Structure formats: structure tokens, C-alpha cells
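**Student:** These are the residues of each chain, in order.
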Amino acid sequence: MPGVIDSLSGVEFATYQDYLDHTSSVTGFKPTDPEHNGKRGLLVAKKALARTGSLTPEKEAAIDANLDSVQTNQVQEKLAARKAVRVQERVDARVATRIAKRQEARQEARVEARRAERQAERQAERQAERDAQKGL
Amino acid sequence: MAATVEILEANGAGETTTANITNSNMGSVDAANLDAVANPVVPGENTFEKWQQISVTALGGSSQLDNFKVWRTGALGGSATHVTNAREASYGGAATYATPVGDATDSTVATQTMPTSEPTGANLGIAGSLAGALTATGQSDYLVHQIQTDAGDTAGSTSTMNYQYDETA
Chain A
1 MPGVIDSLSG VEFATYQDYL DHTSSVTGFK PTDPEHNGKR GLLVAKKALA RTGSLTPEKE
61 AAIDANLDSV QTNQVQEKLA ARKAVRVQER VDARVATRIA KRQEARQEAR VEARRAERQA
121 ERQAERQAER DAQKGL
Chain B
1 MAATVEILEA NGAGETTTAN ITNSNMGSVD AANLDAVANP VVPGENTFEK WQQISVTALG
61 GSSQLDNFKV WRTGALGGSA THVTNAREAS YGGAATYATP VGDATDSTVA TQTMPTSEPT
121 GANLGIAGSL AGALTATGQS DYLVHQIQTD AGDTAGSTST MNYQYDETA
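Just so you know, the protein sequences line up as chains A and B, in that order.
Oh and the first sequence: position 60 is 60 in the numbering used here, straight run, nothing missing.
Oh and the second sequence: position 154 is 154 in the numbering used here, straight run, nothing missing.
There's no promise every hint is true.
To be verified - Covered stretches of chain A, as calculated for chain B (at least 3 residues, CB under 8 Å):
{"hint": "1", "segment": "4-18"}
{"hint": "2", "segment": "21-33"}
{"hint": "3", "segment": "38-50"}
{"hint": "4", "segment": "66-73"}
For the record, the hints were derived by calculation from the structure and aren't laboratory data.
All values reported here derive from a predicted model rather than from experimental measurement.
Cβ atoms here follow ideal geometry from the backbone N, Cα and C, with glycine treated the same way.
Turn these sequences into a full structure, and let the hints guide you.
**Tutor:** What follows is the structure in C-alpha cells.
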């Protein structure tokens, strides 16, 4: 697998293994840690185990301990904060695109107006020349 | 503990992978976690294909993951169709990555209708087989999907992609 980008932090890794080995600056956990995907990931795992009859009391207790760790380490809050930043980045990008398009349209309008002005000037000059020739 | 799972998405000619994607937004660019508002599909054209995998990053003491299923819930706008390579019968094997296509180009890999409710059995394979299982860290086959619109469709619909697996202790 060629270059890998961490969706949460945007950090790029040379290999997927490098990505798996790193500790996320967003969650504080490695992608291989059960806490890394927050509460939702652990609840998904519970259901996946339950479907095969593998959700033993021991397994459930272990996942509940991971859920406690998610809470203690404020993983949900960190994921929510990152999401808020991402949403703001999108809004900023949309605004920047709109401003750039507007500026481009204004510039085009200015160029077009200048072109029309020059054409009118040339026509007036030509007309003046014709009038002068008639006068001769 | 339990297994740790995430969704990967590959993009571009160089198959750049984005790990642990946070959404499956589809639009007029080939990018992971794209902004669908800023990159809407022109009615009559297609979204860029999504090439995604379910990745098991740790088994967490479990012995295997299998029975991978994908489906969409929620309606698409207008008469758009959502196509995929996922299927419960006559599975075509593991798709080999190719640069995602979109706009005027229909996917040649995603040719089946995306299920709109949970399939009865697995519809995404492991190592080319629907009966496959991951007994160590690894990935599913590529899930390829694309939304194909009609000229009369209006932009902007929201639906949910579901990715499911079974885990055995």
C-alpha cells in the first residue's frame, strides 16, 4: 500500500504499518488501540461479537473497561473538537472559493469595460478622421 | 478486548490511501472525506467511484472477522442510482485497484444495485471470496461504488452507508 494519510490528523505516512504504529495527535491512542475509534467503534464491536454469540461476560467487561478509558481520556470530546475544526475548514474553503470567483468576475468585467472603452475611443477617432477628410 | 476496525479509501492514479475515513461523501472529485456541497455532481453525470476497504487493525483477542456486508439506507435524490461491485451471488472476486472514474464515465466495476437493506449474507469478499475470513490483521476486498444521476435530478441528498462484520472470540 503506497502513501497513507491519517484522516483524523492529516498526517502522511510512508506505509500503512507506519500509520498503525503511530500515536494519534487527535485521540492520544494508536489506530490499533480499541479506544482510538471512540465510543461508536466499541459499540460496533459489541454488536459484532453478539451476532456470533461471542459476547461473553469477560469480553463485555473488557469492552466496558475500554469505554471507561474513552471517557477518562476524553476521546469523544477530542474527536468532536477535530470534527468542528474540519467543518470550519470546509466553510472557510467555500468562502475563499466564493471570494476568488467574485474577484475573478469583477476583474473580467473591468477588462471587458476597458476593452469597450478603447473600442469606443478608436471608433470616435476614426469618425473624427473621416469628418476631417470630408471637411478637406 | 475486541477487534479494532476502520474504513480505508484509495484515491488517485497513485492509489493514495486515506485511513479511518470519517465519511463517504460522494461528489465530482476523486477525494476522501470530500465536501459534497463544494463539489456537487452535475445532473446527468456520475460521482467519482469510491474504492474502499474494511480494515482490521487489531484482532483484540478475537479469532476471526467475517461475513462482511455493505448497504445504503435512505433515498437518493430524483431517479439517481447507486451501483456497486458488492453482491451476494456470483461475486466477481477481488477488484484490482484502478484510478476512480466519474463525471461522464460510468463505472465498469460497480455494476450491481447497492442494497438498501441488510443483505442476508456477505456481499463483500475477503481475498476474493464471500466465504473468506480475516484471522489476522488485514483488509477486505475493495468495495467499489458510484452514484449515477439523471439530467432531471436535483443536487443534495443524504443517505447512510452501512458497513458490517461479524466477530468471533
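**Student:** So, for every hint listed, does it hold in this structure?
**Tutor:** Results of checking the hints against the structure:
1. 4-18: holds (count 6)
2. 21-33: holds (count 3)
3. 38-50: holds (count 7)
4. 66-73: violated (count 1)
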